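Asks: The lines below spell out each chain.
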Amino acid sequence: MIDYTSASIDFALLGPEIALLASAFLILVTGYVKSLGKLSPGVAFVGLVIALVLSLNQWGNQSSGFFGMVTCDDFGSAFKVIFTLIAILTLLMAHRYLSHKSLNRPEFYALLNISTMGMMVMANSTDLVVMFLGLEIMSLPLYVMAGMARRSPESNEAGIKYFVMGAFASAFLLMGIAFVYGASGTTDLRRLVTDYHYIVGNFKLYLYSGVAMILVGFGFKVGAVPFHSWIPDVYEGAPTPVTAFFSVGPKAAGFAVLLRLFVFGFAYIGLLSDVFWVLAALTMTVGNIMALRQNNIKRMLAYSSIAHAGYILIAFAVGGDSAVSAAMFYLVAYALFNTGAFAVLVLLETRTGCKSDFSELSGFSRLHPYLSSVLALFMFALCGFPPTVGFFGKFYLFSAAIQSGFIWLVVIGVMNSFVSVYYYLRVIKVSFFDQPQQTFVPVTYSPAIIVVLLITLAGTLGLGLFPQQLLDISQSAIFAFL
Amino acid sequence: MTEYLYLIPILPLVGFLINGLLIGRIPRPVITLIGCGSVALSLALSLSLFFELKALPADSRMIEQVLFTWIVSGNFHVSMGFLLDPLSAVMILVVTGVGFLIHVYSVGYMHKDPGYGRYFTYLNLFTFSMLTLVLADNFLLMFVGWEGVGLCSYLLIGFWYHKKSAADAGKKAFIVNRIGDFGFLIGMFIVFWQVGSLNFVDINAMAPAAFIAGGSLITITCLLLFVGATGKSAQIPLFVWLPDAMEGPTPVSALIHAATMVTAGVYMIVRSNVLYMMSPDALFVVAVVGALTAIFAATIGLAQNDIKRVLAYSTVSQLGYMFLACGVAAFTAGIFHLMTHAFFKALLFLASGSVLHAMSDEKDIRKMGGLKKYIPITYWTFLIGTLAITGIPGLSGFFSKDEILWKAFSSDYGHPVFWVLGFVTAGLTAFYMFRLVYLTFHGPERMDDETKSHLHESPKSMTVPLIILAALAIAGGWVGMPHILGATNYFEHWLEPVMASGRNAVDTHALMSTSSNAGMEWSLMVASVGLVLISIFVARMFYNKKPELATAWQKKMSGLHKLLLNKYYIDEIYGAVIVRPTVYFSLFLWKVVDVVLIDGLINGVAVVYNDLSESLRQVQTGRVRTYATWFAVGVVVLIAVFMRG
Amino acid sequence: MSLDLAIFVISALVAVFGATMMIFQRNPVASVLYLILSLVGQAVLYVQLGAAFVGAVLIIVYSGAILVLFLFVIMMLNLRSSADLGEPSPPVSRFVKYFVSCLIFLELSFIIRESLGAGSTTSAGIVTMADDSFGSVESVATLLFTRYLYPFELTSVLLLSAIVGAVIIARRATEDELPPQPEKAVGPISQKTNEGQE
Amino acid sequence: MESQILTLVTFFPLLGAALLLLIPKERHDSVKSIALIISFITMLLSFWLYAMFEPLANGMQFEINIPWVASLGISYHMGIDGISLLLIVMTTVLNVLAILASFNSITQNVKGYYISMLLLATGMIGVFCSLDLFLFYVFWEVMLFPMYFIIGLWGGVRRIYAAIKFVLFTMFGSLLMLVAILYILFEYQSFAGEYSFDMLKLAQMPLGHQAQLWLFGAFALAFAIKVPLWPFHTWLPDAHVEAPTAGSVILAGVLLKMGTYGFIRICMPMFPEATVTFIPYISVLSLIAIIYGALVAMVQKDVKSLVAFSSVSHMGFIMLGLFALNLQGMEGAVLQMLNHGISTGALFLLVGMIYERRHTRLIDQFGGLAKVMPMFSAVFMIVTLSSIGLPLTNGFVGEFLILLGTFKANVWYAVIAASGVILSACYMLWMYQRMFYGKITNKENEGLKDLSIREKIIVIPLVLLIFWIGVYPKPLFDRIEPAVKQVMNQMGRSGTVEVDEDFSIKPVLADRTAEQELIVKAEKEGE
Amino acid sequence: MVPISAYLIVGVALFAIGTVGVLISRNLIVLLMSVELMLNSANLCLIAFSRSQNIMDGHAFVFLVLTIAAAEAAVGLAMVITLYRNRETINIDRFNLLKW
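Protein chains in written order, with the numbering used here: chain C, 1 to 482; chain B, 1 to 645; chain F, 1 to 198; chain Y, 1 to 527; chain L, 1 to 100.
These are computed hints drawn from the structure, not numbers from a lab. One should not assume that every hint holds.
[Said to hold, decoys possible] Listed next, the in silico SDA-like pairs over lysine to any residue satisfying Cα-Cα at most 25 Å (straight line):
| id | chain 1 | residue 1 | chain 2 | residue 2 |
| --- | --- | --- | --- | --- |
| 1 | B | Lys164 | Y | Arg358 |
| 2 | B | Lys163 | Y | Ile416 |
| 3 | Y | Lys301 | B | Leu587 |
| 4 | B | Lys591 | Y | Ile416 |
| 5 | Y | Lys25 | C | Gln468 |
| 6 | Y | Lys201 | C | Ile407 |
| 7 | Y | Lys201 | C | Gln468 |
| 8 | Y | Lys301 | B | Val595 |
| 9 | Y | Lys371 | B | Tyr116 |
| 10 | Y | Lys301 | B | Ile598 |
| 11 | Y | Lys474 | B | Lys367 |
| 12 | C | Lys355 | B | Glu614 |
| 13 | Y | Lys449 | B | Pro27 |
| 14 | Y | Lys439 | B | Gly24 |
| 15 | Y | Lys25 | C | Lys204 |
| 16 | Y | Lys439 | B | Val66 |
| 17 | Y | Lys485 | B | Gly196 |
| 18 | Y | Lys439 | B | Tyr116 |
| 19 | Y | Lys25 | C | Gly363 |
| 20 | C | Lys204 | B | Ala640 |
| 21 | Y | Lys25 | C | His368 |
| 22 | Y | Lys443 | B | His162 |
| 23 | Y | Lys25 | C | Leu454 |
| 24 | B | Lys164 | Y | Lys443 |
| 25 | Y | Lys25 | C | Ile407 |
| 26 | C | Lys204 | L | Arg85 |
| 27 | B | Lys591 | Y | Gln365 |
| 28 | Y | Lys201 | C | Pro387 |
| 29 | B | Lys164 | Y | Asp364 |
| 30 | B | Lys163 | Y | Gln433 |
| 31 | Y | Lys449 | B | Gly24 |
| 32 | Y | Lys32 | C | Leu367 |
| 33 | C | Lys204 | L | Ala13 |
| 34 | Y | Lys301 | B | Ile578 |
| 35 | B | Lys163 | Y | Lys201 |
| 36 | B | Lys112 | Y | Pro374 |
These numbers come from a predicted model, not from an experiment.
Isolated chain C, as found in the complex (with noise of 0.2 Å):
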């Protein structure tokens, strides 16, 4: 077991988060030295590289450091794999996108590795008050990427909603801190646990409504409704990879922090099955029903990306070992193929003035048969059809479901799945059937994005097809969990 009150000073339990910082440094160093200034997109990526070692190389490692305020557990560290693989993937694709649009600035890289921090310290910690500054880190950045494309109002837009309406979930989730502390005295997880007949006992409100609102703050990162407003603007008006960075990366730190929580933390309070799986029905329901009348993809993407966490919010509701690795698994399937549609759609915008609405794609597979192809793949895998990961993601998570007794909720996720089966066709429809409306200017590659799609591409289909490796994973990693 893990010593939970070690108050040792052990920086090798923080090493991913500090090479990320140390690389950020670099790149805000070197960016002010003007030929320097393009190895940082370099910088970023071995920040990266070296923080995705670092993150392997701490699995299996399960200790606990700074007065119990860094809990390292194969569940973390699964973690920081998924967001460094996230960061990276993000990496490769935006620095092309970023030049073309003028955007190509070093602090872009820094802010990606220091929001890559954020989900790391917030998935690394036990501990209320960590978990919040890591939402912090996280966000700011976020808010500042959204925005990064100055001379765009949509951008503007963007960044301004997410930061206002970040800002204002932040001050609930501070309140439901504050709430919880004044329930227990603590604001560690671990105490909260073992404690909970006395706070329970004596203050249940108190906890009962902390709890409440630490779930609207971080239900608002992972797009529940009704905390999801602001996902389909910020979506839409960001930079496309940042939103490729948005739509996976903060929602699976967001659901990392949440599993702790919810499924190991309060696990104890009886409520919590009930009121996630309105939160799940509501969710993916809400979301699939919006996304029906999108014409842009992007946008489309967005309210997807909300009724995806529906799906995952399903295993909240569920409980359990079984259910806490197919939100894992399923996360990761979403990451990979979620960020392949992106990344297909960063390809598109790199041609001047495309904007991803779905007129632009029509006659797509003309001209492009293999991305447009690949593109159906990814709508595919969200879909959910096999031999995508998409279906064995969804198998796994609603087989858990079931296995609970929860069969009206998965019939509700899988009449929503079916609903999505429209609007993610329409992509496809748009791009093979529609006849081309005007001459389609071709998209240029880059190593660096091909090798995007090539990882998301075999991750999608060579996970669908054997998935027995990161089921495995996702297994273990819970076991070492608080």
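Following the hints, put chains B, F, Y and L in place on chain C, whose structure we already have.
Replies: Frame of chain C; chains B, F, Y and L shown alone:
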């Protein structure tokens, strides 16, 4: 020789395959050779097998040959097997004999037709199917032939497919037959599930135990089978297709729609006489339908002006006789009439074909007249056929018809009313047949000059079959002379083994009480002959001596005439009651149920979803403060929920 | 009415009053000043609660730095009370907003009232005087540099990212950026090209 | 090799598709010929399968069972019995013909088309081979995309609507099926203590009545949509009409069979009690389908939609036969699955040929074709006859057995169904007459060419099959019968239904309750 | 002595006022200040709770929160500046290019 039994149907099949696959690639003489030759071989084989069968003792005259298992599924087992017994022997002789003659006739009749090869292909296929039908050793194989002849009938009626009427008639024939087959099928199911086999031999042996004689199940079974028979043999209410079938080439009408195929229903009932004997109720229905059809069709025949249609209605009427015979359990009489009818009706049709040949395909008898001197052979053979059908003593028709009338009167299952109906029908038949003869061959020449200039006797290939058939029409009945004339009824003896099993099925002394009342039989015979003669005389009055009398009567009873001319409007009634409502109902199903209801529901769901999406989207106003409001509402609700918990 | 209570009531009223006035000002400068007023009231409450050091920090850092930053921006942008603020929301929507906020208040205060004194370390929820070290600079510092060392260090990262972010967002345009688009979105943009479904 | 033959047959087309990817897309001819060769080899492989298959033997053959996702009990479990064998052979044959038939009609995006066709083949064969529910589901869904593209990319005017309708209908059903599959997984886990998707194992699991009803309902919905059973059929006419010829052939020939196959492979063995409970509902829907499909077919103006509605009617027969739940009905139904594939496939091929010539499928645009295209009309006639079930053609054998079996199960069902036989003659012959008979009214029809060599190669195997099955179906029955008996035995194993000596299924519930009552009575008396 | 709950109620009240501010103020700067107010009210609660639990962790937390508030303010104001440069307004309702 018996091991070659299967060759009888197979030979025409081979002919069909050769002609069919090589269609358009082989010259006409070869087609002729293959077409006629295959049937000729079948005929020869049939004759030799017939004699072989005859050589056997009476109670072992049954040869069964199983080729291979056709369908097997659990205890359902049906083989491709042929059964030669006295009954099927008669039938194959009729089929191959008449069939061969008609093949030969066709050589001349069709020689100018571009579809010569196709014609013989179909004809051979028909012969194959018909032989399968009569030789089958089980109901299902019989059904194969049954449907096969239906198909050939369809193809041959629609032979001149470019004529819409021909194509329509073919389709009508097929569909009406299908309605009959429906009954046949269901009947077969009952038989199988009761008896456990469809093999005739098995059924004959086991049916008495499997069914309760006189019970409702056997009655239903027999009636269902009879529905099949009414379809194939053009009985009320499914007779409507046969007159239309005259759209086909005349030899086809002779072969299929007079001599062989249409009698399949009779054959089937006789074949399953064991079943029918167990159900007096079913027999009664058969008799009633037969008698009614006989008189009903005869009345229509009175007013028709198309030479072939008159013959067609007469066929329907004669088939009614046969069913009447079956219905009074005089199966032998039915088969006997079937055989004689095959001779004289084939003769009549072929002769009428010869007339058409001469008349450049003009079918309306009102435009004929006085043909006697142009086409004498045709005239005489036609006259012989007419005399045979009207039942002039000494000719084949007399013996068979008289036996039926007598049985209708005297059999245990008979009734004087049946006799009266048959008697009147005989008079009507004589009248319309002689009307036909007089209008066609006697009196003034009413055809136009163009036609007149082309009048000529038919070639040898057509006249020779006519002459042979005429001979058969005269002599064909002598094998079945009634006892009261002091002769031996060979025909009855020959079929006795087949009928015995039926009689044994029910404990009855029926049928044998006939000879006890010779005086009655004589007087009835005289009465019918008298009526026939009177009818002939009246016809002569109306259509030869005083044509104005006919027109006067026609005017006087114009309503009735119109009714008869239009065949009681049966087609129109069917059209209005069945066909059109079905079409409208179908349109309703398609346009309303499918498109509006089901698709409407589904598209409606899609529309609802779309609208829902569209209106939900409005929530997403783009204003942060609205979002924050929703957010706050969410918070309020969530906290409220947690407060309760 | 004890002195404590009087101080509490007055400062609480000041805090609430300042906050209320802050949100209803048309002039942002006034808003900032009201917020400072509210913060001062809050700081007094902090001190009453034994958090003298934090209260002092609140005044110094918050009022002194953050709100000055606000003022600075307001001045820089030269915002006036007459700046374009469009139409106020319709009454229904405003009512909903007030109502929702009231509900939040009511719910939370209900919770506080219900939990009154339950299991508190102090009887009946009445705060007794704590020992001197409670809330003192030393004790806060000790806490920050031992148990809260890691979060404390993290705030530095946060500040770093905030600085970088602020710089990257608000810096002047450089020549490598795209020139402003011809149809530069100026002022109220309400139309949207998101019309017309397939 | 022998143990992997199913894998080979299933994935060979996929391999071919991969190979096609490497061919430059401008080289249409090599794409076509490679696709043809691949499908042809697949067909030969399936013939080999047929040759090696042991007739009259019980149980699955050529089984492979490799763990796939072990922790969820998913395995790569394949194996075939007679039913699957015949369906696989039919699939491969139709695939060759469909590819051959597309040579001229597909001019755009040729490479993509043949890749889709080959992918489709893998999906279809996979469904028939799978013995693992998960694997089954994967193949079941995998088929969907190629078909979606085939309809959507190479289809007619309303192709997009049709393609989406097709996918949405199918998805709707299959997603509920997914829920049911998951539920079974859970049930099996609590029954056997391990996860498994093995159909054979699952069939041995006793399930409560209520659970069976729900599960059966979920599976049945998926299958019924695929069949398609009335009233879930409306996707079919649209999909058929809009799909290119080959698409229609495969759709009608194979895809519809997946529904009936699902019933026989999954619903019946796993939920015997529910199957018996559902007999009246499914039978009535089948009857409606038979009559309704026939009636609506009668008034169609487009040949393809006529054939499509006739499919609805014919598939109704098959369903009826299956739910007669006796040997005759089920064997007839299985045979009819093949027959329908052959006849309707042939009809669509023929319609495609005429469409290639005239670019219309409206019946009233034709007329008198028998004169200009005698060979074509003859073949069309043969196929028409097979479709209306004339004896000595394949259609008769199946239809007869279905009706025979149904008659035993329920007289009135058989009577009503048999009337569908009449109607099928009506619409088919009427269509035939309007297209082929009469005078040539439309000038454009005058110069039409008769069948080309390629087209003859396409139709001849089908015509031969029509007569072969019609005249000598015994080899097929030798393979079908053990399989059907096995399904029935699987049903009987549950103890809730009973297989009598004639091989028909009866519920034993009634008897059992009577027995129980007796026991209760005896106990009471004892007191 | 004043009960802790009184302080909490003040904190909650300020929180609600902050919420009102976010919900109704059209001026982006006021909106930002309202968020700040909400954070501060949470701080007040933290302090109060810290007092009632007699554990000082809350103080440290408030410290951190103040930093967070500062960081947020910095980023938020930077955004306000950019927005104003681009759109010449800080009316939050004007920023509705992205919707539906």
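Asks: Indicate, hint by hint, whether the structure satisfies it.
Replies: Hints versus structure:
1. For the proposed pair lysine 164 of chain B and arginine 358 of chain Y, the alpha carbon gap of about 23 Å is at most 25 Å, so the pair holds.
2. For a cut-off of 25 Å, the pair hint linking lysine 163 of chain B to isoleucine 416 of chain Y is broken: about 34 Å separates their Cα positions.
3. For the hint linking lysine 301 of chain Y to leucine 587 of chain B, the alpha-carbon distance of about 11 Å falls within 25 Å, and the restraint holds.
4. Between lysine 591 of chain B and isoleucine 416 of chain Y the alpha-carbon distance is near 23 Å, which keeps this suggested pair within the 25 Å criterion.
5. Simply put, lysine 25 of chain Y and glutamine 468 of chain C have alpha-carbon atoms about 36 Å apart, too far for the 25 Å limit, and the pair is violated.
6. At roughly 23 Å between alpha-carbon atoms, lysine 201 of chain Y and isoleucine 407 of chain C fall within 25 Å of each other, so this suggested pair holds.
7. Only pairs whose Cα atoms come within 25 Å are accepted, and lysine 201 of chain Y paired with glutamine 468 of chain C is accepted, the gap being roughly 22 Å.
8. Proposed proximity of lysine 301 of chain Y and valine 595 of chain B is supported: the alpha carbons are some 15 Å apart, at most 25 Å.
9. At most 25 Å may separate the alpha-carbon atoms for a hinted pair to count; lysine 371 of chain Y and tyrosine 116 of chain B meet this at roughly 14 Å.
10. About 20 Å separates the Cα atoms of lysine 301 of chain Y and isoleucine 598 of chain B, which keeps this hinted pair within 25 Å; it holds.
11. A distance of roughly 58 Å separates the Cα atoms of lysine 474 of chain Y and lysine 367 of chain B; the hinted pair therefore is violated under the 25 Å criterion.
12. A C-alpha spacing of about 21 Å is found between lysine 355 of chain C and glutamate 614 of chain B, which places the hinted pair at or below 25 Å, so the restraint holds.
13. Restraint check for lysine 449 of chain Y and proline 27 of chain B: the C-alpha separation of about 23 Å stays at or below 25 Å, so the hint holds.
14. For the hint linking lysine 439 of chain Y to glycine 24 of chain B, the alpha-carbon distance of about 21 Å falls within 25 Å, and the restraint holds.
15. This hinted pair does not check out: lysine 25 of chain Y and lysine 204 of chain C have alpha carbons roughly 69 Å apart, beyond 25 Å.
16. Between lysine 439 of chain Y and valine 66 of chain B, the direct Cα distance comes to roughly 46 Å. Violation of the 25 Å bound is thereby established for this hinted pair.
17. Of the pairs offered as hints, the one joining lysine 485 of chain Y and glycine 196 of chain B holds, with about 20 Å between alpha carbons and a cut-off of 25 Å not exceeded.
18. With a C-alpha separation of about 19 Å, the suggested pair lysine 439 of chain Y and tyrosine 116 of chain B falls inside the 25 Å cut-off, and the hint holds.
19. For the suggested pair lysine 25 of chain Y and glycine 363 of chain C, the alpha carbons sit about 17 Å apart, so the restraint of at most 25 Å is met.
20. Taking the CA atoms of lysine 204 of chain C and alanine 640 of chain B, the gap is about 14 Å. The hint holds against a cut of 25 Å.
21. Taking the CA atoms of lysine 25 of chain Y and histidine 368 of chain C, the gap is about 12 Å. The hint holds against a cut of 25 Å.
22. At most 25 Å may separate the alpha-carbon atoms for a hinted pair to count; lysine 443 of chain Y and histidine 162 of chain B meet this at roughly 15 Å.
23. Under the criterion of a C-alpha separation no larger than 25 Å, the hint pairing lysine 25 of chain Y with leucine 454 of chain C is consistent with the structure, at around 22 Å.
24. As the CA atoms of lysine 164 of chain B and lysine 443 of chain Y are separated by approximately 18 Å, the hinted pair is consistent with the 25 Å bound.
25. Pair hint lysine 25 of chain Y plus isoleucine 407 of chain C does not hold up; C-alpha atoms about 48 Å apart against a cutoff of 25 Å.
26. A threshold of 25 Å between alpha carbons decides the hint, and for lysine 204 of chain C with arginine 85 of chain L the separation of about 49 Å lies outside it, so the pair is violated.
27. Straight-line distance between C-alpha atoms of lysine 591 of chain B and glutamine 365 of chain Y comes to about 21 Å, which keeps the hinted pair within the 25 Å bound.
28. This hinted pair checks out: lysine 201 of chain Y and proline 387 of chain C have alpha carbons roughly 24 Å apart, not beyond 25 Å.
29. Under the criterion of a C-alpha separation no larger than 25 Å, the hint pairing lysine 164 of chain B with aspartate 364 of chain Y is consistent with the structure, at around 14 Å.
30. For the hint pairing lysine 163 of chain B with glutamine 433 of chain Y, the CA-to-CA distance comes to about 11 Å; that is within 25 Å, so the pair holds.
31. With a C-alpha separation of about 16 Å, the suggested pairing of lysine 449 of chain Y with glycine 24 of chain B holds against the 25 Å cut-off.
32. For the hint pairing lysine 32 of chain Y with leucine 367 of chain C, the CA-to-CA distance comes to about 21 Å; that is within 25 Å, so the pair holds.
33. Using a Cα cut-off of 25 Å, the hinted pair lysine 204 of chain C and alanine 13 of chain L holds, with the two alpha carbons roughly 21 Å apart.
34. The straight-line distance between the Cα atoms of lysine 301 of chain Y and isoleucine 578 of chain B is roughly 21 Å, inside the 25 Å bound, and the hint therefore holds.
35. Using a Cα cut-off of 25 Å, the hinted pair lysine 163 of chain B and lysine 201 of chain Y is violated, with the two alpha carbons roughly 63 Å apart.
36. The hinted pair formed by lysine 112 of chain B and proline 374 of chain Y meets the criterion: a straight-line CA distance of about 19 Å does not exceed 25 Å.
Hints 2, 5, 11, 15, 16, 25, 26, 35 from the earlier list are contradicted by this structure; the remaining hints agree with it.
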